[in-house]
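There are 2 protein chains.
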Amino acid sequence: MSTEHETHSVFFVSDGTGITAETLGNTLLTQFPNDSFIRATIPFVNTVEYARTVVRHIDSLSKSQPTPLVFSTVVSDEIREVFTASGALVIDLLGEATKRLEQTLHTEASHSPGRAHGQGDLERYNARMHAVEFAIEHDDGQSLRALDRSDIILIAPSRCGKTPTTMYLALQHGVLVANYPLIHEDFGSIELPAPIAPLADKCFGLLSTPQRLSEVRTQRRPDSRYASLDQCRYELRNAEEMYRRHGIPFVNSASKSIEEMASVILHSMSLRK
Amino acid sequence: MSTEHETHSVFFVSDGTGITAETLGNTLLTQFPNDSFIRATIPFVNTVEYARTVVRHIDSLSKSQPTPLVFSTVVSDEIREVFTASGALVIDLLGEATKRLEQTLHTEASHSPGRAHGQGDLERYNARMHAVEFAIEHDDGQSLRALDRSDIILIAPSRCGKTPTTMYLALQHGVLVANYPLIHEDFGSIELPAPIAPLADKCFGLLSTPQRLSEVRTQRRPDSRYASLDQCRYELRNAEEMYRRHGIPFVNSASKSIEEMASVILHSMSLRK
Numbered sequence: 036m037s038t039e040h041e042t043h044s045v046f047f048v049s050d051g052t053g054i055t056a057e058t059l060g061n062t063l064l065t066q067f068p069n070d071s072f073i074r075a076t077i078p079f080v081n082t083v084e085y086a087r088t089v090v091r092h093i094d095s096l097s098k099s100q101p102t103p104l105v106f107s108t109v110v111s112d113e114i115r116e117v118f119t120a121s122g123a124l125v126i127d128l129l130g131e132a133t134k135r136l137e138q139t140l141h142t143e144a145s146h147s148p149g150r151a152h153g154q155g156d157l158e159r160y161n162a163r164m165h166a167v168e169f170a171i172e173h174d175d176g177q178s179l180r181a182l183d184r185s186d187i188i189l190i191a192p193s194r195c196g197k198t199p200t201t202m203y204l205a206l207q208h209g210v211l212v213a214n215y216p217l218i219h220e221d222f223g224s225i226e227l228p229a230p231i232a233p234l235a236d237k238c239f240g241l242l243s244t245p246q247r248l249s250e251v252r253t254q255r256r257p258d259s260r261y262a263s264l265d266q267c268r269y270e271l272r273n274a275e276e277m278y279r280r281h282g283i284p285f286v287n288s289a290s291k292s293i294e295e296m297a298s299v300i301l302h303s304m305s306l307r308k
Numbered sequence: 036m037s038t039e040h041e042t043h044s045v046f047f048v049s050d051g052t053g054i055t056a057e058t059l060g061n062t063l064l065t066q067f068p069n070d071s072f073i074r075a076t077i078p079f080v081n082t083v084e085y086a087r088t089v090v091r092h093i094d095s096l097s098k099s100q101p102t103p104l105v106f107s108t109v110v111s112d113e114i115r116e117v118f119t120a121s122g123a124l125v126i127d128l129l130g131e132a133t134k135r136l137e138q139t140l141h142t143e144a145s146h147s148p149g150r151a152h153g154q155g156d157l158e159r160y161n162a163r164m165h166a167v168e169f170a171i172e173h174d175d176g177q178s179l180r181a182l183d184r185s186d187i188i189l190i191a192p193s194r195c196g197k198t199p200t201t202m203y204l205a206l207q208h209g210v211l212v213a214n215y216p217l218i219h220e221d222f223g224s225i226e227l228p229a230p231i232a233p234l235a236d237k238c239f240g241l242l243s244t245p246q247r248l249s250e251v252r253t254q255r256r257p258d259s260r261y262a263s264l265d266q267c268r269y270e271l272r273n274a275e276e277m278y279r280r281h282g283i284p285f286v287n288s289a290s291k292s293i294e295e296m297a298s299v300i301l302h303s304m305s306l307r308k
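Chain order of the listed sequences is A and B. For the first sequence, our numbering begins at 36 and goes up steadily by one. For the second sequence, our numbering begins at 36 and goes up steadily by one.
No lab work stands behind these hints: they were computed from the structure. Each hint should be verified, as a subset may be incorrect.
Stated by the list, open to error - Listed next, with one range per pair, are the computed distances between beta-carbon atoms:
id	chain 1	residue 1	chain 2	residue 2	range
1	A	Leu179	B	Glu143	20 to 30 Å
2	B	Phe72	A	Glu131	13 to 23 Å
3	A	Glu143	B	Ile218	49 to 59 Å
4	A	Leu234	B	Glu172	40 to 50 Å
5	A	Glu226	B	Glu172	25 to 35 Å
6	B	Asp236	A	Tyr85	52 to 62 Å
7	B	Gly122	A	Gly223	52 to 62 Å
8	B	Phe72	A	Arg260	26 to 36 Å
9	B	Ser97	A	Arg159	43 to 53 Å
10	A	Arg180	B	Lys98	45 to 55 Å
11	B	Tyr269	A	Ser263	29 to 39 Å
12	A	Thr139	B	Arg91	18 to 28 Å
As the list claims (entries may be wrong) - The calculated DSS-like cross-link candidates involving lysine-lysine, where the alpha carbons are at most 30 Å apart (straight line), are:
id	chain 1	residue 1	chain 2	residue 2
13	A	Lys291	B	Lys98
14	A	Lys98	B	Lys134
15	B	Lys134	A	Lys291
16	A	Lys98	B	Lys98
For glycine and all other residues, C-beta sits at the position ideal for the given N, C-alpha and C.
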């Protein structure tokens, strides 16, 4: 195949928020790392009229540019037809799969737009909102009151990624997550720090590499002992020993995204909801 | 079609985190609101051996249950074949679309697994992590220092959803969001509160309905003036007037999810990245 790589305009089109179209579209585009793409998301395409306006814009581009790509999660047949008639490559992310599901489930799809990222299941939605509050309240050991009410307690030396991982788990999965920082003084003993000692079965540890940790700490406090490679090495070695001694599962955050860590943590704690 | 609805086991299978499979799979399932599903996510299916173990489990279910559903984003052809040979309905979310992209882009797909939710673009990833810290630091007007460094300032009466919306925008879009609570005393004047007055063009307002707001506040402080319908009505009416007077765009959080609000906010502020 050709080795020329052009810049394609990419549109994520949806009758809802566009999140599903973006997620799957971007997943597909990562398979083409050498091509370049200019992305735009067009949410709430709910009328044939608006769809026509969007298609006119896309078609005006396709005259002077390589074929634009459209990733669509539009549900309405009428609106989908407007896009299909455009000059772009239109990838309908739901159509074929919906048909196959209808056959297997012996049910007709509702074809109602934008249900994926609405409030949907209100109970689940409220649980997520509650979990975000809980996470903020218990960030960085700020409040120890309700550690035992949490589903998971993330423990780690400072700057290993506890806070963003906590937020992600709360926001996306509605899990009650507290986090607890391990500090220099915690490594004097072979015991877990007192507040988390009775809760070891809820604990999950994070690590990093000394290099990465030192870099991140340097951004916060340049030239400090706190950011020195030696100090980072000391804390990480002792934290890992602590995790192993107490059978606390752990993951290294240096090479993993928060999404990957969340996935590992939930899988390991069998808490995926 | 039949009106009998059975409970189907659903598996989101991936060689990465499973987030894309979950997102698109769940979007498809919302089109079948009358059916019920028991969901499980199986991430990191990276070897043919592990895939065979998973398929054995799925096939053992299909003997006593209605056809299980498998939503797969596995990229490797070898592993995909293992699933295709199972007794489940396997919906391969990437296969067909990848082929069509290869044709249009005149490039072969890399077929490398799990790139969608890795750290990917490190700069973008670090921006998201930084945005989460920024959001926590500026939650609920806690720190006014850097309001002018923020991309967006969410303003609203207490309990309209500022905090979770802020976290979502930070975590998913790497946008620097501060939020600022409007309190009773702010409504005595026709001016914006002093700290945000010079930053009106960054402000975005949230509203709710008096009923919904009163409900949410009652959970926090039952039988208080703060939670009373009258007080909620007063604050919401005045907040809306303030938004209109100063040309601040706003959205009502009572019927919208944080994903939908984020989408509206970014679209309105043209900050979608």
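- [ ] For B:Gly122 and A:Gly223, compare the CB-CB distance with the range 52 to 62 Å and indicate the outcome.
- [x] holds (57 Å)
TODO: For A:Arg180 and B:Lys98, compare the CB-CB distance with the range 45 to 55 Å and indicate the outcome.
DONE: Distance hint for A:Arg180, B:Lys98 holds at roughly 49 Å.
- [ ] Quickly compare the C-alpha distance for A:Lys98 and B:Lys98 to 30 Å and report which way the hint goes.
- [x] violated (55 Å)
Task: Distance restraint between B:Lys134 and A:Lys291, which requires alpha-carbon spacing of 30 Å or less - done: holds (29 Å)
- [ ] Could you see if the CB distance from A:Leu234 to B:Glu172 stays within 40 to 50 Å?
- [x] Since A:Leu234 and B:Glu172 have Cβ atoms about 28 Å apart, the given range 40 to 50 Å is violated.
Open item on the list: Within 18 to 28 Å: is that where the Cβ-Cβ distance between A:Thr139 and B:Arg91 falls?
Closed with: holds (21 Å)
- [ ] Given the hint that A:Lys98 pairs with B:Lys134, test it: the Cα-Cα distance must not exceed 30 Å.
- [x] This hinted pair holds, its Cα atoms lying about 24 Å apart.
Open item on the list: If I claimed the Cβ atoms of A:Glu143 and B:Ile218 lie 49 to 59 Å apart, would that claim hold in this structure?
Closed with: holds (50 Å)
Task: Pair hint A:Lys291 and B:Lys98, alpha-carbon separation not exceeding 30 Å - done: Violated, at roughly 38 Å.
- [ ] Mind checking the hinted window 52 to 62 Å against the Cβ distance between B:Asp236 and A:Tyr85?
- [x] violated (27 Å)
Open item on the list: Between the beta carbons of A:Leu179 and B:Glu143, is the distance compatible with 20 to 30 Å?
Closed with: violated (54 Å)
Open item on the list: Please check whether B:Phe72 and A:Arg260 have a Cβ separation lying inside 26 to 36 Å.
Closed with: The hint (26 to 36 Å, Cβ to Cβ) is violated, given that B:Phe72 and A:Arg260 are roughly 53 Å apart.
In the structure shown, a violation is registered for the earlier hints numbered 1, 4, 6, 8, 9, 11, 13 and 16, in ascending order.
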